[in-house]
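Build out the structure end to end from the sequences listed, making use of the hints.
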Amino acid sequence: MSNIPEQLSAAMTIDGALGAAVVDYTSGMTLGTEGGGTALDLETAAAGITDVVRAKIRVIELLGQNDNIEDILVTLTSQYHLLRPIAGGEGLFLYLVLSRDRGNLALARRTLSGIERSLVV
Amino acid sequence: MDRLNPFARPGRILSPTSPSASAYASASPPSPAAALPGPAPEAPQDHVSPPAQVVEDQALTTAPAAPEAPAPLASAPEPVAAPADVAPSPTHGRPGPDDPRLHEAIRELRNEIDLVGVMIATSDGLALAYDLPSDDSLRIAAMAATGLGLGRRLVDSFGHESFQEQVTRGSDGYFVVYSAGRDAVLAVIAPASCNLGMLHHQARRLATRLGALLAGPS
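Residue numbers (this note's numbering), protein chains in the order written: chain A, 1 to 121; chain B, 1 to 218.
Simulated from the structure, these hints should not be mistaken for lab results. All residues carry an ideal CB built from backbone N, CA and C; glycine is no exception.
If you anchor each label on the Cβ, the simulated ranges turn out as follows:
1) 2/A <-> 157/B: 27 to 33 Å
2) 215/B <-> 66/A: 52 to 58 Å
3) 66/A <-> 150/B: 45 to 51 Å
4) 155/B <-> 106/A: 46 to 52 Å
5) 40/A <-> 111/B: 24 to 30 Å
Structure representation (structure tokens):
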């Protein structure tokens, strides 16, 4: 039984969380979103950031590195965007948007890692 | 309805299999007998004059479009002949087939996303502008209009307000149909690797713009 909404709600309890989503990077579509709103269109943000995830996965394959992405951090002046491919999730990743003023990056990474392990798609 | 449709032609034909000029020719101009439900030929002589005038008026409004072949879009840069009161200029007002603004819109979309082909067509299946890998425009315009028609019927029957888009996913690609206002449709053929979320984002905006453009100046 999928628990995406519950896990996304949990992600939103992280200090400074502005939005969270589970995204399918094969299509750029979201399986679930939480937060966001008019100031942050999560569907569009997820579609856009999908290209970043795809690019990094391709580069790792290209370099023949037998390794996996644990997470990708994009730092804006006012936000962190944290991307976490879901292990064994067949092309899914967790997407967390965090306020830099109110959030704690180290804590957010730890919490998101726990959410990734508890997530059932 | 046709009053608002700048692309309306006499005898609206949606024929993916035989979109020949003769199909249009056979539907127009209206024959006097067909256009006149009332007075039959055997009517008294003095009653013929006024209805005859009506026939002439109809012939005048429909005649300009009649001789024009429906197919040769690439060689028909002029907007479709429309009644004089809504006649658009090539760069202002409603675009006709092969309007440069439509081609510009297609270029913009292709710059943003890796696509196989793009088609802008009227809701009755007449290609307005396209960029396709093969010479398939008649068929694809017709299929886009069919997708739009089916989508509208489905949305209608479930009370889901207005049709927006229809995604057909094959194992090796997508065919997505977006509603572009009341009278037009935007169809996109995309590879399986396409970022569908991004395609939706770009194509929805474009379809809205096209809808406004094709509805004419407000």
